[in-house]
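Enquirer: Make a model of the complete structure from these sequences and hints.
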Amino acid sequence: MLEIEGLNKTFASPSGDVVALHQIRLQVEKGQFVTFIGPSGCGKSTLLKIVAGLDTAYQGSVKLNGKAIAGPGVEKGFIFQEPRLFPWLNVERNIAANRSLRDKEVCKQVDELIELVRLKGFEKAYPRELSGGMAQRVAIARALLRRPEVLLLDEPFGALDAFTRTHMQEVLLDIWENNKTTMLFVTHDLDEAVFLGQRVVIMNPRPGHIRNVIGIDLPYPRKRSGSSFQELRSRVLSEFEKVETPAIEIGAGI
Amino acid sequence: MQGANNRWSLRALHLFVGALLPLSILAVWQYVTAAGMVNAILIPSPKSIAAEFGAMISSGELQRNLGISAWRAMLGFLLGGGLGLAAGLWVGFSIRTERLLDPSLQLLRTLPHLAVAPLFILWFGFGEMSKVLLIAKGAFFPLYVNTFLGVRSVDRNLFDVAKVLEFTRWQTITKLIIPASLPSIFLGIRLSIGISWLGLVVAELMGSSSGIGYIINDARSFSLTSVIFVGIIVFALVGKITDSIVKLLERRLLRWQNNLKGAGS
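Going down the list, the sequences are from chains A and S. Going by the UniProt record's numbering, 146 is the number at position 146 of the first sequence; the sequence numbering is gapless. Going by the UniProt record's numbering, 234 is the number at position 234 of the second sequence; the sequence numbering is gapless.
Quick caveat, the hints were computed from the structure, so don't treat them as lab data. Worth double-checking, as some hints may not be accurate.
As the list claims (entries may be wrong) - Pulled a few chain S residues facing chain A out of the computed Cβ check, cut under 8 angstroms:
1. A40
2. R156
3. N157
4. L158
5. V161
6. L165
7. E166
8. F167
9. Q171
10. R252
11. W256
Positions of the beta carbon are idealized from the N, C-alpha and C atoms, including for glycine.
Expert: Structure below.
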């Protein structure tokens, strides 16, 4: 279980301190799929970096299974906006990274993951030969090989076209149903947030804080065209619109 | 296959275009010297240079001296290049080491061979030591500078990945920094080899009784211009061949790179 309590984060900037996150309080049960949505500058990526342990300059408490997060590690898998693969390694070596493929167990798991992220036949391909969606699936497999307790995804499908994105969402749900990994998924795409999450966390900028958390009580696989989906989508949208209004002022969109 | 055929004819065409200039120069040269329009002692004809070349090969003189020169160049390159690589990595990894070492190394970098050669000869005599050290001094810097730049230009984003994947410090060096800086290191190797040949000529011209540089120097005192030309041609050929070998190795090892081939190749 992930527990965030009284989390505050300020950035020092030349024009004074900027409050990036203000009094964040959130609990995520093990195995839950939570999506975060909000305009630019609402601190959703910062929040994810803090949970990952990549950013340790904050006040408050962030605990994973009762233990304070001390730094980055494999139990908190991170998927960046870009795939960030090692360009000199082929697909299977990228997934293994600092683990040896000569290890039978690692090799077997890598094979299984390649199957899971639907990359069979591309084991020996180099990153430059992959499309954006394929590269991002390699990145996901690389994180999953380490059996993470929680998978943190920072707008992972933002750079993909609409068709690839839909496909990737289905792949991700497959993985989630298979592995029951806790998912924290940051996005700026409303449909994506409602399609994937059991809960949608709506965030508000200046200072970044949680505006509302909406439960999406729909069974998987979800139908985007379904009336209940549309109903929930417009509920989130109306919350989201309340957020957008004050955001439109000078300097918005930083 | 049509495509393969096309590629071969294109390659032949490129070879022909590349050879056009040197071949026409050779033709003009041969014509001018045969017609007696220049002093044959200063500019021997291509024919007599070729004859000299043949004679030096059949006597074994060329192979023996080339072997000695290549050995010196290799020792000097391995010593200087190896140290340059190590220093480049070390200084690249640590800002503190950079502050300590880089200013002094940059100061030494610009010293010309000819300026330090007399000192090396005084210190180490006319033997192999002074030659190898002079070559090493030249080979050190291109590898040092390029390795250093390579290490410093590793994609910052990948360091975050390494942290999340729990790379140890050793793994970060061997599995991230070194492969990422390999393109720069290869550039450094090629430049270092080039400089090694340069240093070799200086070392052998300064005082030596063997090697291609010695042949050139010796031929100068007897005005055997065609021998000098043979020496120069050998240096050019060996330089080009070693560079091609390293390039081949580079292409093998850096297959993952996108931008290996320039546009229009």
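Enquirer: The structure should be examined with respect to each hint, and the outcome stated for every one.
Expert: Quick rundown of the hints versus the structure:
| no. | hint | in the structure |
| --- | --- | --- |
| 1 | A40 | violated (56 angstroms) |
| 2 | R156 | violated (11 angstroms) |
| 3 | N157 | holds (5 angstroms) |
| 4 | L158 | holds (6 angstroms) |
| 5 | V161 | holds (5 angstroms) |
| 6 | L165 | holds (5 angstroms) |
| 7 | E166 | holds (5 angstroms) |
| 8 | F167 | holds (5 angstroms) |
| 9 | Q171 | holds (5 angstroms) |
| 10 | R252 | violated (13 angstroms) |
| 11 | W256 | holds (5 angstroms) |
When each numbered hint is compared with the structure, violations occur for hints 1, 2, 10.
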